[in-house]
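Novice: Residue-level listing of the chains:
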Amino acid sequence: EPEVTQTPSHQVTQMGQEVILRCVPISNHLYFYWYRQILGQKVEFLVSFYNNEISEKSEIFDDQFSVERPDGSNFTLKIRSTKLEDSAMYFCASSEKGGRYEKLFFGSGTQLSVL
Amino acid sequence: DQQVKQNSPSLSVQEGRISILNCDYTNSMFDYFLWYKKYPAEGPTFLISISSIKDKNEDGRFTVFLNKSAKHLSLHIVPSQPGDSAVYFCAASAQGTGNQFYFGTGTSLTVIP
Chain A
1 EPEVTQTPSH
11 QVTQMGQEVI
21 LRCVPISNHL
31 YFYWYRQILG
41 QKVEFLVSFY
51 NNEISEKSEI
61 FDDQFSVERP
71 DGSNFTLKIR
81 STKLEDSAMY
91 FCASSEKGGR
101 YEKLFFGSGT
111 QLSVL
Chain B
1 DQQVKQNSPS
11 LSVQEGRISI
21 LNCDYTNSMF
31 DYFLWYKKYP
41 AEGPTFLISI
51 SSIKDKNEDG
61 RFTVFLNKSA
71 KHLSLHIVPS
81 QPGDSAVYFC
91 AASAQGTGNQ
101 FYFGTGTSLT
111 VIP
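Protein chains in written order, with the working numbering: chain A, 1 to 115; chain B, 1 to 113.
By construction, these hints were calculated from the structure, which means they are not laboratory data.
Beta carbons are placed, not taken as given, at the ideal position from N, Cα and C, and that holds for glycine.
Misleading hints may appear alongside valid ones.
[As the list claims (entries may be wrong)] The following residues of chain A were derived to be distant from chain B, with all beta-carbon distances above 12 Å:
1. E3
2. G72
3. S73
[Said to hold, decoys possible] Partial list, computed: chain A residues near chain B (C-beta under 7 Å):
4. K42
5. F61
6. D63
7. F106
Can you make the complete structure from the sequences, with help from the hints?
Specialist: Written out as structure tokens, the structure reads:
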């Protein structure tokens with residue numbers, strides 16, 4: 001069964017460093033998302049992306065964050081200057097179509113630890 | 001700003017019995033609700049959904065009940081199986097908010113053989 005893959009599974013970085021989290025969505029999916037979960041807290045929406053543009057973003061997704069689809073398969077989340085509070089599990093997701101009735105398919109996540 | 005709340009962080013149930021996972025929400029604009037299941041080291045996977053025009057949706061052993069007046073939904077698993085042991089997330093969305101889903105903190109279900 002097709003799946004969303006994320007790399008790396010764990011990322012440790014120093015505060016202030018840039019990190020890039022990578023995702024390969026399901027191949028025929030057109031809509032891409034990033035969510036995150038800080039330990040013990042709720043899963044939070046960060047951003048949705050379609051047709052090489054951000055469709056929606058939350059308040060969390062400030063200027064330190066950016067997303068890109070650099071080629072036909074990868075979808076990346078960049079954090080320019082990481083902060084301690086960016087430590088979280090970051091989930092990439094994709095869906096075949098847009099709209100909130102579409103199922104999201106999630107990757108297994110990247111655990112980001114900012115020291 | 002916890003618009004979707006799962007007040008029970010964990011639940012243990014004997015195999016074969018019913019598991020009931022609860023979720024409360026505060027935003028009256030929410031009209032579509034989902035449950036996701038998450039195993040360790042895996043991403044959440046869609047389990048079942050319900051629209052606010054219904055008060056019940058069933059899929060095999062899984063049934064979701066929606067009580068709009070109480071702003072409450074519950075997921076019933078019957079009979080529970082050890083393979084159901086996972087973290088269950090409740091999520092909600094409102095018309096006009098696109099694909100933005102609001103998740104709860106999750107309930108960890110353990111089904112004891």
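Novice: Any of the earlier hints contradicted here, and which numbers?
Specialist: Failing hints, ascending: 1, 5 and 6.
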